[in-house]
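Visitor: Sequence:
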Amino acid sequence: MTETSTVAPVVGDTAAGHDADIAAIERIIADTERAFNTNDAELLTAHFARNASVVNAAGMRTTGRDELLRVSREGLAGPLRDQYARYELLDVLFVRPDVALAHKGARAITADGEPLDVEHAMLALYVLVKERDRWWVVARQNTIVPG
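Using numbering that gives the first Met the number 0, you'd call the opening residue of the sequence shown number 0 and step up by one each time.
Quick caveat, the hints were computed from the structure, so don't treat them as lab data. Be careful, since some hints might not be right.
Computed beta-carbon distance windows for the label pairs [said to hold, decoys possible]:
1) E25 / Q82: 21 to 29 Å
2) T5 / P114: 42 to 50 Å
3) V10 / R80: 24 to 32 Å
4) V9 / R33: 34 to 42 Å
5) A57 / R131: 15 to 23 Å
6) V117 / D39: 22 to 30 Å
7) A56 / S4: 37 to 45 Å
8) E87 / V6: 31 to 39 Å
9) T5 / A110: 48 to 56 Å
10) N50 / G146: 17 to 25 Å
11) A45 / D97: 40 to 48 Å
12) G146 / D12: 18 to 26 Å
Just so it is clear, the structure is predicted and the values come from calculations on it, not from any experiment. Quick reminder that beta carbons are idealized off the backbone N, C-alpha and C, glycines included.
Make the full structure from the sequences, and use the hints.
Guide: Here it is as structure tokens:
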């Protein structure tokens, strides 16, 4: 094994030169926040690819946009009905020009928008792919941050 094969490469790049892509990803995060806070399952799933895979904060995996819509409708009509959150895009790494990894932080808020958390209560990793000049979420993994 040569020395160059043991040195890990830097893969992808940060937001430099990706202003329009960052703005598009920020809109996806903003739509997700609005959908969660208004119990809008259709908007919540609008940016997901048909074959997307999601792991929620409880560790439940859902595959496929249709199934994700069904699960979202149930959650937003049930246990998530009276919960609210503020989302923040924390960083984006462009693995390739058409593949991005985005981290989102989430804080619980009241219905009036007052923060309930000082720090993020949840972090989410989004894997996005640019297809036909549009960004699509192909995977999301939610993780509860221990308080």
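Visitor: A separate judgement is required for each hint: does it hold in the structure or not?
Guide: Results of checking the hints against the structure:
1. E25 / Q82: 21 to 29 Å: holds, 22 Å
2. T5 / P114: 42 to 50 Å: Holds, at about 45 Å.
3. V10 / R80: 24 to 32 Å: violated, 41 Å
4. V9 / R33: 34 to 42 Å: holds, 35 Å
5. A57 / R131: 15 to 23 Å: Hint violated: Cβ distance 33 Å, outside 15 to 23 Å.
6. V117 / D39: 22 to 30 Å: holds, 28 Å
7. A56 / S4: 37 to 45 Å: holds, 38 Å
8. E87 / V6: 31 to 39 Å: At roughly 33 Å between Cβ atoms, V6 and E87 fall inside 31 to 39 Å, so the hint holds.
9. T5 / A110: 48 to 56 Å: holds, 54 Å
10. N50 / G146: 17 to 25 Å: For G146 against N50, whose Cβ atoms are near 34 Å apart, the range 17 to 25 Å is violated.
11. A45 / D97: 40 to 48 Å: Violated - the Cβ-Cβ distance for A45 and D97, about 20 Å, lies outside 40 to 48 Å.
12. G146 / D12: 18 to 26 Å: Violated: the Cβ-Cβ distance is about 34 Å, outside 18 to 26 Å.
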